[in-house]
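> If you want the building blocks of each chain, they are given just below.
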Amino acid sequence: EDQVTQSPEALRLQEGESSSLNCSYTVSGLRGLFWYRQDPGKGPEFLFTLYSAGEEKEKERLKATLTKKESFLHITAPKPEDSATYLCAGPSSNTGKLIFGQGTTLQVKP
Amino acid sequence: AAGVIQSPRHLIKEKRETATLKCYPIPRHDTVYWYQQGPGQDPQFLISFYEKMQSDKGSIPDRFSAQQFSDYHSELNMSSLELGDSALYFCASSHPAGTRFAGELFFGEGSRLTVL
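Respectively, the protein sequence lines represent chains A and B.
Read in order, the letters of the first sequence are residues 1 to 110 in the numbering used here.
Read in order, the letters of the second sequence are residues 1001 to 1116 in the numbering used here.
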């Protein structure tokens, strides 16, 4: 069964304290691994797509990496405005619909 | 840049009433997805349309129906509303199928439905 699992569920960091979020997946024949950011009461905002193991993408303080089994979202020197829920998703092996993980809620304190 | 437009943003209904949500995808996007997100939960896929035809179906109740029109906008119709239908409903659109970026979904701001 296609599944996307994220950890931790919640993460509290001090401003400037770097960390990583994990996303593991069991989608066979993965056709892209997606990261989204979601602020409370708003729609998920697309961040990155990773297509192959070893691929890395960066945007400001965020860097996403992909291995054959999991993806990491590294946050370097986070700021309070990085506080949000970060969702990982992969397209179902049967159809194109995205299967989301439960998300990691990040809180960055000043 | 144009984004996915959803309306209404907020909707309050009584049990057993009917509600309709509308979604206008990004221009030239041909696929529309509907997701339901309960409090503290991840988005759950309901249904999708490609070129005005239903392309996939998820955990959408039989009380719900949806369609995509000739101008690619989509409507989600919900009848016999129940308390458990209270949630954020997101619409997303994606690049044309077959393109490298077809899997990247762009979400609207969502429609918050409250059933009393």
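These are calculated hints, taken from the structure and not from any lab test.
Among the hints, erroneous ones may be present.
[What the hints assert, rightly or not] Below, a list of computed lysine-lysine pairs in the DSS-like style, where the Cα atoms sit at most 25 angstroms apart: (1) A:LYS57 x B:LYS1052; (2) A:LYS79 x A:LYS57; (3) A:LYS42 x B:LYS1022; (4) B:LYS1022 x B:LYS1057; (5) B:LYS1013 x A:LYS42; (6) A:LYS42 x A:LYS59; (7) A:LYS79 x A:LYS69; (8) A:LYS79 x A:LYS63; (9) A:LYS63 x A:LYS109.
> Can you list which hints this structure breaks, lowest number first?
1, 7
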